[in-house]
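Visitor: In the order they appear, the protein sequences are chains A and B.
Counting from 1, position 252 in the first sequence corresponds to residue 252 in the UniProt record's numbering; the numbering is continuous, with no gaps.
Counting from 1, position 22 in the second sequence corresponds to residue 22 in the UniProt record's numbering; the numbering is continuous, with no gaps.
It is worth saying that the hints were derived from the structure and are not from the lab.
There could be a bad hint or two in this list.
Identical copies go unnamed one by one, so any copy, or any two together, can satisfy a pair.
[Said to hold, decoys possible] Below, in silico cross-link-like pairs of lysine to aspartate or glutamate (EDC-like), each with a Cα-Cα straight-line distance of 16 Å or less:
id: 1; residue 1: Lys203; residue 2: Glu37
id: 2; residue 1: Lys309; residue 2: Asp29
id: 3; residue 1: Lys203; residue 2: Asp77
id: 4; residue 1: Lys120; residue 2: Glu75
id: 5; residue 1: Lys309; residue 2: Glu30
id: 6; residue 1: Lys43; residue 2: Glu343
id: 7; residue 1: Lys309; residue 2: Glu93
id: 8; residue 1: Lys246; residue 2: Glu37
id: 9; residue 1: Lys273; residue 2: Glu115
id: 10; residue 1: Lys214; residue 2: Glu75
id: 11; residue 1: Lys214; residue 2: Asp269
id: 12; residue 1: Lys346; residue 2: Asp172
id: 13; residue 1: Lys273; residue 2: Glu338
id: 14; residue 1: Lys309; residue 2: Glu108
id: 15; residue 1: Lys221; residue 2: Glu115
id: 16; residue 1: Lys44; residue 2: Asp226
id: 17; residue 1: Lys203; residue 2: Asp169
id: 18; residue 1: Lys309; residue 2: Glu17
id: 19; residue 1: Lys33; residue 2: Glu17
id: 20; residue 1: Lys43; residue 2: Asp252
Okay, here's what each chain looks like letter by letter:
Number of protein chains: 2
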Amino acid sequence: MLNFSLGPVMMEQEIREIGSEQIPYFRTDEFSKLMLENEELLKKCIGATGTSRVIFLTGSGTAAMEATIMNLFHERDKLLIVNGGSFGARFKEICNIHGLHSEEIHLEYGEDLTERHLEKYDGQGFTGFLINVHETSTGVLYDMDIVKSFCERNQLLVVVDAISSFLADRYDMSEFNINATILSSQKAMALPPGISFVVLDEKSQERVLHNSVKSLYFNFKSYLNDGRRGQTPYTPAVSILLQLRKKLQLVDENGVSEVIANVSSIARDFRMKIKGLPLEIAASSLSNAVTPLKPTGKMAADEIFTYLKDNHDIYVCPNGGSLRRVLFRVGHIGAITESDNNELIKALLSMKEKSIL
Amino acid sequence: MLNFSLGPVMMEQEIREIGSEQIPYFRTDEFSKLMLENEELLKKCIGATGTSRVIFLTGSGTAAMEATIMNLFHERDKLLIVNGGSFGARFKEICNIHGLHSEEIHLEYGEDLTERHLEKYDGQGFTGFLINVHETSTGVLYDMDIVKSFCERNQLLVVVDAISSFLADRYDMSEFNINATILSSQKAMALPPGISFVVLDEKSQERVLHNSVKSLYFNFKSYLNDGRRGQTPYTPAVSILLQLRKKLQLVDENGVSEVIANVSSIARDFRMKIKGLPLEIAASSLSNAVTPLKPTGKMAADEIFTYLKDNHDIYVCPNGGSLRRVLFRVGHIGAITESDNNELIKALLSMKEKSIL
């Protein structure tokens, strides 16, 4: 099996081995120590300020998106959302459900976010900004420098979903002046799915402490409180947290930029090798994490996904909704190598030779 | 390491091995098939009606408790809660947060629920009943026959947290006339923590469909909808769901009553062997899942936990809050054997010989 999807992705051998170990009881000093180490390493890898904190939330990325919005904003806020695909749309849906005043910048699939999109919202009384730095559904990576400049001059609280970008693209909370970042275990961290992380700077923590949240499970106050001694209020996905420490230690040893350079080189290798295939790269501002592809030959996107799965035991990442037939994605995150790329290219070439692609 | 805690617990070899496998992409017919099989097997093991459905919620048991209450009840309901420890108290806390009218039957630690506790609430206009069939924090197993009789004559919607009782004690939704049951992966199912399950009968499903829930992640409507084709609305803890199928297949092959008989026999064996130790069993109505113990000798409960961990690499289950010094628990769920019991007894005896216990 070769998995080029966008999560769960292929895991390294050292991480996999931890998955088969017995899981220790976790209300112990030993586990607390491990959690505090996880927090420090995660903050270091993401360029968070020293006073930042990490929420370890057992749940999907969507749980973390919803909980973050519930904890950081209230009815008096006015939020601006970049909606360039299904994950941007999810931010909007969450705001609507929770009665938060929000407007969205709607981008077509594959479209970049530009200064022009943003400038008309200058001085309009917005208080918060929500963006998926990499809109995973279309593969577009947004320019965080223009986001930073817009948010600074309008003094917005900036919440970034970096779920599919962290460890794949350069991302630094301090440099980009981000107040909260949402992460999930199963993307470039290459851990099993089941737990998400929210890194909060001091300003975000202040918001949490002064906000009233109508939820027990999603109330970050208890996570901040118990987290101080390396614990979570409810039983967390302990085994993934053990794997997280190993992963972060490996990233720390190699250096974050080295880890990102590796993903980037796998992506470049793949993008070079598809030349000559009836596949068009469907965005100009690309994340290293994924290549969005528009088939230009005989086979529709969803059929390519199924054919590769059934005939080659290779998983690429299909799209849903209106993009189902026109777009599929090839991921470059997780334990993927150039030789794995070659396998996928070989499969695609054989489909071309058979005149079915 | 020997783990007698109440979750995560020791896992079987076959389950552990799945934890080290690469995780497949899950938006596929193959994974849908596995999920539908999980749903059917779970329903079978828990005695659910044929039209019942299962919600697979990535999150801790508390997430499932809160989501269930949010989806099944509304402001016009009046709920009765059995509060005999921290998990009963959690039900109450959730109701308060969500503005639901609720009253609680407060039990002292170790106290049984009796007909007398219930009868004064007859005909008081209650619409729902919330109970933890096994109050995990104190080890008390409630009598579901009196609950059934009370709830039937008052026509209450019955929600049961069976997180620490399912597969340890006899539990049958049809027989007990339960409308919704909350389960979690890390107790007697002996899987890693990270996912919870809510089994809903037809009446509960009706409630879900007609209720308005102010949450995206906790809205069961989307889970019921996507679940029809074996999918979840958000990326689930895929690896645990693969392990779940294996576990349920094993349970189905052996028979649920055989699985429970085994837990019961491990519990009986342990309870017999502690005679002569300065430990008193601190409840009369016991779950097979756990033995709550009150130390009557020199060492406080929390010190016994720490001593066993540091000197014997054995984990028992400590209590928190006001019970920290007076109570600890020994679990009998997961891949525990009589010979593991012997190891724990040997350690306790050596502490007694050293005159420290």
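Visitor: Now tell me, hint by hint, if it's right for this structure.
Guide: Cross-check of the supplied hints:
Taking the shortest alpha-carbon separations for Lys203 and Glu37, neither the intra-copy value of 23 Å nor the inter-copy value of 47 Å comes in at or below 16 Å. When the C-alpha separation of Lys309 and Asp29 is checked against a cutoff of 16 Å, the pair qualifies only between copies, where the shortest distance is 11 Å, while the shortest distance within a copy is 45 Å. Taking the closest pair of Cα atoms, Lys203 and Asp77 come within 16 Å of each other only inside a single copy of the chain (15 Å); across copies the shortest separation is 39 Å, beyond that limit. For the homomeric pair Lys120 and Glu75, neither the shortest alpha-carbon distance inside one copy (23 Å) nor that between copies (42 Å) is at most 16 Å.
Only between protomers do Lys309 and Glu30 lie at most 16 Å apart by alpha-carbon distance; the minimum there is 10 Å, versus 42 Å within a single protomer. With identical chains, the CA atoms of Lys43 and Glu343 are never at most 16 Å apart, being 36 Å at best within one copy and 41 Å at best between copies. When the C-alpha separation of Lys309 and Glu93 is checked against a cutoff of 16 Å, the pair qualifies neither within a copy, at 32 Å, nor between copies, at 47 Å. In the homo-oligomer, the alpha carbons of Lys246 and Glu37 lie at most 16 Å apart inside one protomer (10 Å), although the nearest pairing across protomers, at 33 Å, exceeds that limit.
Neither within a single protomer nor between protomers do Lys273 and Glu115 lie at most 16 Å apart by alpha-carbon distance, with minima of 33 Å and 74 Å respectively. In this assembly of identical chains, Lys214 and Glu75 lie within 16 Å of each other by CA distance both inside one copy and across copies; the values are 13 Å within and 14 Å between. For a Cα distance limit of 16 Å, the shortest separation of Lys214 from Asp269 qualifies neither inside one copy, at 48 Å, nor across copies, at 45 Å. In this assembly of identical chains, Lys346 and Asp172 lie within 16 Å of each other by CA distance neither inside one copy nor across copies; the values are 37 Å within and 53 Å between.
When the C-alpha separation of Lys273 and Glu338 is checked against a cutoff of 16 Å, the pair qualifies only within one copy, where the shortest distance is 10 Å, while the shortest distance between copies is 59 Å. Taking identical chains as interchangeable, the C-alpha atoms of Lys309 and Glu108 are never at most 16 Å apart, the minima being 29 Å within one chain and 57 Å between chains. For a Cα distance limit of 16 Å, the shortest separation of Lys221 from Glu115 qualifies neither inside one copy, at 36 Å, nor across copies, at 39 Å. Within a single copy, Lys44 and Asp226 get their C-alpha atoms no closer than 21 Å, and across copies no closer than 38 Å, so neither meets the 16 Å cut-off.
When the C-alpha separation of Lys203 and Asp169 is checked against a cutoff of 16 Å, the pair qualifies neither within a copy, at 25 Å, nor between copies, at 48 Å. Taking the shortest Cα distances, Lys309 and Glu17 never come within 16 Å of each other, neither inside one copy (26 Å) nor across copies (24 Å). With identical chains, the CA atoms of Lys33 and Glu17 are never at most 16 Å apart, being 21 Å at best within one copy and 27 Å at best between copies. Only within a single protomer do Lys43 and Asp252 lie at most 16 Å apart by alpha-carbon distance; the minimum there is 11 Å, versus 45 Å between protomers.
In this structure, the hints that do not hold are numbers 1, 4, 6, 7, 9, 11, 12, 14, 15, 16, 17, 18, 19, in rising order.
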